[in-house]
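Novice: The C-terminal position of the sequence shown is numbered 283 in UniProt numbering, with every residue numbered one higher than the one before it.
Honestly, the hints are just simulated from the structure, not real lab data. All C-beta atoms in this analysis are idealised placements derived from N, C-alpha and C, irrespective of residue type, glycine included. There's no promise every hint is true.
[To be verified] Label-pair ranges, simulated between beta-carbon atoms:
#1 R258 to L217: 15 to 23 Å
#2 A254 to Q61: 26 to 34 Å
#3 G62 to S213: 27 to 35 Å
#4 R230 to D5: 22 to 30 Å
#5 K229 to I126: 27 to 35 Å
#6 K261 to D5: 24 to 32 Å
#7 P16 to Q104: 17 to 25 Å
#8 F70 to K261: 19 to 27 Å
#9 D252 to N76: 36 to 44 Å
#10 A254 to I126: 48 to 56 Å
#11 P240 to D5: 38 to 46 Å
[Stated by the list, open to error] Here are the simulated lysine-lysine pairs, BS3-like style, with alpha carbons at most 25 Å apart:
#12 K229 to K182
#13 K182 to K263
#14 K212 to K269
#15 K232 to K261
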Amino acid sequence: MKKDDSVSFNQSTLLPWIELRVAQQSSACYQAHSHDEFSFGIIDSGVADYQNRDNHYRISQGDLVTINPFDVHSCNPEPAETRHSAWSYRMLFVDAEKMGQVQQEVLPTQPGLYTPFTHDLERCDILQQQFNALFQALQLGASHLHAEVCLFEFIAGCFSSHQEKIPPSHQTHPCLAHVREKLLDQVNHNHHLQSLADTAGMSRYQLVRGFKSQFGLPPHAYLMDEKIKRAKQMLKSGQPISDIALQLGFSDQAHFQRQFKRKLAVTPKFYQSHFVPAGSSVK
1 MKKDDSVSFN QSTLLPWIEL RVAQQSSACY QAHSHDEFSF GIIDSGVADY QNRDNHYRIS
61 QGDLVTINPF DVHSCNPEPA ETRHSAWSYR MLFVDAEKMG QVQQEVLPTQ PGLYTPFTHD
121 LERCDILQQQ FNALFQALQL GASHLHAEVC LFEFIAGCFS SHQEKIPPSH QTHPCLAHVR
181 EKLLDQVNHN HHLQSLADTA GMSRYQLVRG FKSQFGLPPH AYLMDEKIKR AKQMLKSGQP
241 ISDIALQLGF SDQAHFQRQF KRKLAVTPKF YQSHFVPAGS SVK
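Please take these sequences and the hints and turn them into a complete structure.
Specialist: Shown next as structure tokens:
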């Protein structure tokens with residue numbers, strides 16, 4: 001049997017109760033079925049017929065599907081006149097019990113194990129951005145904190161886009177200063193959201209919202225911003241790029257280079273070359 005190279009799967013190493021699926025120009029078709037987990041998917045290209053219970057849609061690039069556990073559904077590329085057309089998409093499969101734990105922190109009240117999502121199709125730019133941020137964080141596997149924050153923001157977005165009542169964030173909270181100090185003191189540490197929430201004495205979701213409200217960025221982004229600030233000074237002092245990546249807690253040198261370029265639009269080596277005398281040894 002010929003292997004289908006158009007589809008790949010992997011389990012998140014950061015949040016091992018989430019499975020990732022990527023399909024590139026796939027023409028595979030599926031019969032109606034269901035999953036034990038929550039499923040979220042975004043269409044990257046092509047057109048497909050999507051049926052979830054009694055609802056039927058024609059979906060295309062940018063559309064985001066939400067499938068609750070045990071919802072019978074099918075999603076197949078729309079057939080062309082002479083052949084099956086191909087489509088590309090990305091999926092996240094999230095354990096239902098873990099999803100319920102996240103929802104308990106996002107929603108003011110939640111009966112039962114978890115709350116099913118009321119909309120099975122989303123066409124919202126903000127949700128698309130949040131899904132893409134979450135998928136990338138899980139796929140790159142660089143930071144546990146980053147992945148957790150992206151997950152909470154995406155799940156909260158799924159509810160708030162339909163006006164479900166979510167508790168307002170705290171504008172100021174003195175305990176958040178302790179979290180900020182912890183991040184600054186342990187800039188090379190692989191922080192977990194639960195540990196930071198324990199420091200602040202609040203839930204993980206309250207921490208994400210409150211920290212962003214008070215300091216302008218969610219915890220993972222604030223930490224990355226601080227890392228880049230320190231990296232600039234270290235580069236100016238002539239330290240080897242590989243040493244800087246290690247000291248600041250990047251997963252590897254490539255991760256450091258990606259994040260630095262994302263912030264400053266230049267590579268660390270290029271930036272350093274403007275401050276370190278010619279002929280100096282820079283790795």
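Novice: Which of the listed hints are broken here?
Specialist: 4, 8, 10, 14
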